[in-house]
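Starting from two chains that each stand alone, build the complex the way the hints lay out.
Those protein sequence lines, which keep their order, are chains V and B.
Using the working numbering, the first residue of the first sequence is number 25, and each one after it goes up by one.
Using the working numbering, the first residue of the second sequence is number 68, and each one after it goes up by one.
These aren't lab readings, by the way, just hints derived from the structure by calculation.
One or more hints might be untrue.
[Unchecked claim] Quick list of in silico lysine-lysine cross-link-like pairs, DSS-like style, CA-CA up to 27 Å: (1) V/Lys52 <-> B/Lys89; (2) B/Lys149 <-> B/Lys307; (3) B/Lys149 <-> B/Lys525; (4) B/Lys329 <-> V/Lys52; (5) B/Lys436 <-> B/Lys307; (6) B/Lys525 <-> V/Lys52.
[What the hints assert, rightly or not] To spell it out: a stretch of chain V is covered by chain B in this simulated footprint if at least three of its residues, at any positions, have a beta carbon under 8 Å from a beta carbon of chain B; those stretches are: (7) 36-50; (8) 53-60; (9) 63-76; (10) 90-103; (11) 106-115.
Yeah, the Cβ is synthetic: ideal placement off N, Cα and C, and Gly gets one too.
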Amino acid sequence: MLEFINSNIEIIYLLLLMIFVGIELIEKVPSVLHTPLMSGANAIHGVVIIGAIIIMGQAENTLATILGFIAVVLGTLNVVGGFVVTDRMLEMFKKKK
Amino acid sequence: MNNHILQIIYLIGSLSFIVGLKMLSKPNTARKGNLVAAFGMAIAIIGTIFLYEGIKSSNYIWIFGGLIIGSILGTVSAKKVKMTQMPEMVSLFNGMGGACAMLISAVEFNHLKHKYLNEALPQGQMIIIMLGLIIGSISFVGSIVAWGKLSGRLGDKTLGIQQVINIGLLTLILGLAAYMIFWSPSENDLYFYSIWAISALYGVLFVMPIGGADMPVVISLLNSFTGVAAAMGGFLYDNKVMLVGGILVGSAGTILTVVMCKAMNRSLTNVLIGNFGGNNNANTTTAAGGTIREINTGDTAILLKYASKVIIVPGYGLAVAQAQHVCHELEELLENEGINVKYAIHPVAGRMPGHMNVLLAESNVSYDKLIEMENINPEFATTDVVLVVGANDVVNPAAKTDPSSPIYGMPILDVENAKSIIVMKRSMKAGYAGIENELFYQPKTSMLFGDAKNTLTKLIAEVKTL
Chain V
25 MLEFINSNIE
35 IIYLLLLMIF
45 VGIELIEKVP
55 SVLHTPLMSG
65 ANAIHGVVII
75 GAIIIMGQAE
85 NTLATILGFI
95 AVVLGTLNVV
105 GGFVVTDRML
115 EMFKKKK
Chain B
68 MNNHILQIIY
78 LIGSLSFIVG
88 LKMLSKPNTA
98 RKGNLVAAFG
108 MAIAIIGTIF
118 LYEGIKSSNY
128 IWIFGGLIIG
138 SILGTVSAKK
148 VKMTQMPEMV
158 SLFNGMGGAC
168 AMLISAVEFN
178 HLKHKYLNEA
188 LPQGQMIIIM
198 LGLIIGSISF
208 VGSIVAWGKL
218 SGRLGDKTLG
228 IQQVINIGLL
238 TLILGLAAYM
248 IFWSPSENDL
258 YFYSIWAISA
268 LYGVLFVMPI
278 GGADMPVVIS
288 LLNSFTGVAA
298 AMGGFLYDNK
308 VMLVGGILVG
318 SAGTILTVVM
328 CKAMNRSLTN
338 VLIGNFGGNN
348 NANTTTAAGG
358 TIREINTGDT
368 AILLKYASKV
378 IIVPGYGLAV
388 AQAQHVCHEL
398 EELLENEGIN
408 VKYAIHPVAG
418 RMPGHMNVLL
428 AESNVSYDKL
438 IEMENINPEF
448 ATTDVVLVVG
458 ANDVVNPAAK
468 TDPSSPIYGM
478 PILDVENAKS
488 IIVMKRSMKA
498 GYAGIENELF
508 YQPKTSMLFG
518 DAKNTLTKLI
528 AEVKTL
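Only chain B is shown next, with the shape it has when bound in the complex (with noise of 0.2 Å):
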């Protein structure tokens, strides 16, 4: 009876998780969306405690104890974490689903090894087990790895010949691991845990070369494999909301990590060999040779008060100095003016899709004035002042004019259209991509120097002056 009760409960869980997954791909509805995914979980989890044979009463008080105290650290993180951290708390909560799938295939091995003591263990599950440990380890590790990449605890790494460990590394694995299934050698703990450290090694590994600014991408990716690892138990314990909630987020998952990519107009494998910063010799002889034109706060003040129609471009450099409360308070200053203001969002601006959307949003600006890249370049020919703050890459004219550049085909804003072009930047370093943006040394473009934090607010002072 109790059994029955339960799957009737998966079922109501699983259809949540895609109706909350539709709701989430729509603006108006994300928010519902997200809830009601989590209801599902939560009936699901619920229904998994108190309905599920063969749970023993004595170890309530461990499951019980670990979800408050996963509950409790789970909401403060996610509550305490600043907008510009987000993209590294969504990686260290992957890893966290990554390294507990790692961990129900340790136990789910053991438990094996005991049920089937000195006999072959069956090929099925161990198949199962052992894609679990394998794809959970990668995850857990590269998901770890990502994190501390994003949060600047760890830089980017490439050993020369990269690629070739990796494949040799990935190669090993699979052998090893189908050996230990196939042919069942009698050590086999000594193979599992091999396998275990190899897989970890290699997450580290596969993470580590890949440049900071195609981290979304590789987030997006680990996300996908979790997924995977997590549906690995649909099977292991015949249960079907953890396979749809696991293969969903596999599927989905690959298919955004692929949207994504699109919209930065490179290929996946482009991004996993990660020669995106690499090949910095292309482009830095043509640019150098022009003169950039300095422009202090006070006369881009004047610039900005007799424009009417102004753009802000916001990029890294805003989030990384904190300024969208300033950007924003400039921004009413100017509207109070009677000056039209729009910020222009280039889909990879800053570290994440979408990251400058939340950022601004969070400071409170109006959800109408983030227009999207589509939408805003027709305007820029009629705009009279665009303000540059903290972005390089998105406006840099390489990616339309220049097929040797790294960044060539990449969508870019067409800030070049307008009146004049004032870039907000603390040092004449290349962006991300690692090479130089000719934008800077245009007749039309003035050079503001300085944090982005600082140099607003200066500017509004300056402008409140006039």
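Chain V with its partners taken away, still in its complex shape (with noise of 0.2 Å):
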């Protein structure tokens, strides 16, 4: 246990620093705002692609191809579809001229 702290150490930091950064980030956000922002952080923790990416990279049997092939399917769904439907509702906020 102690062993996999020390070994973590930076990545603790790192988890600590950002959900400082994270509560920091949203304050005072317009309540127009509010189902898009959460629609583009939906669309960041896609980020979960990266390791359905790797898993996959490194599959050596049937069941951890079947299983790793569903998640980078799942996970760019996550990040394509996110972001997309993200850009669409925020270009319904452009001011007309």
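Here it is, written out as structure tokens:
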């Protein structure tokens, strides 16, 4: 346990700092932007796709291949769908001339 | 060398997430912010594919296949979805991310098991894997249930002792996981799959009882769950961009959830326990004795035509009837007659904060006609006609006057200050909070029954003939 914490101490620091960055970033958001912001954040956690690519790339047996493949498809859906939907929402906010 | 370049790419990716999220929280930079984050994601993905050490070339076909299928499906569904269905779409995409995190944990568990055959599994890694599995599954199944509820495929269901069952299940999940990690029983497969199944069940029971009006809050919460599940991958692969992206969303999402709750003047626990729709016995008797006044489209048209200032209050009824275009048409018609027309946007009108803005913007309503609650409230006193289109709880005066009302304390639009109020509704049915609305019984209020789209269309025709 101690060994695990020590070997990951850098990433644990990063984790703690990012928690505070996340909190600071969202201060005072106008309510109009709640939905697009949630949707944009939704796309960003699609970064989980990187893990899916890694397990897919290293897959050695059928089970890992199948699960990895499904994970890549789902992760991509999250990323691509998330960003496109957010863009569509925000496109509508532009002021008309 | 490759790894060094990859680390730089991850650094740029992480930075773009932070900057992107910051820009997303401001109206004029929001759209660019989304693109900045998307750029960071793109380079992180491409970098991983080509520079990550240990990716077997024979597996490239699967990676690209998955990316292509996912991109096509994602783009098509995101482009095709109607603006009214946006909330459930976001929920569905969120579920996909949760499922992805859950599958990663499943693969890594099997991986670890083979590596440490007949030995105790390393506790640190197991904690990360189990957290990813539990949170990912809850988020996946919960989001699917939320999607089902928002799209009307599933209804609200509460078991009498729901809270007890939920707490029991959660304790069971954590207990089993702790036992599995720290005492490493030999039949760890059994534990792993049981925990997986119970987490999924918990996802269903967690979202099932929550009222439809509170769904945005739950989606936002599940969104931050997925963020945390994604961040677990950051630990597993010592991957900083996954950690940054995941944790940013985890913490920003949690704050956003709290902000949303505040906009509705409700606490998060209150939302989660779901007593919003539950106690509908509070206010039903007070107003039911009054009489309502009905009005027809002809008289409404006259009222509107001779008004000098009109405020439209849109609500979920407008979204359901897909009436945003007709509504815009009526607004333009009245504007051409020299009448000042504005929209009053309550922060939680519709099913999602900002729902009405998105919907009306879709039908080309000018952005500066959409006025937020704090700015429009003082204007009602100088308004001749308020047209409430399919909104209910957000104009219920009980929020200010009746402490026993479940929505007491929620800020509302002060429509009752206007000279006359016309409420368009399909029937006298209560709104989402399941309570009566005193406003409908006030002498200044007239009810115009019917589907919002049909009624507005008729109204336009009537105004034109005058």
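Hints, one by one, checked against the model:
no.	hint	result
1	V/Lys52 <-> B/Lys89	holds, 11 Å
2	B/Lys149 <-> B/Lys307	violated, 36 Å
3	B/Lys149 <-> B/Lys525	holds, 24 Å
4	B/Lys329 <-> V/Lys52	holds, 12 Å
5	B/Lys436 <-> B/Lys307	violated, 44 Å
6	B/Lys525 <-> V/Lys52	violated, 41 Å
7	36-50	holds (count 10)
8	53-60	holds (count 8)
9	63-76	holds (count 14)
10	90-103	holds (count 13)
11	106-115	holds (count 10)
In summary, the structure is inconsistent with hints 2, 5, 6 from the numbered list given earlier, while agreeing with the others.
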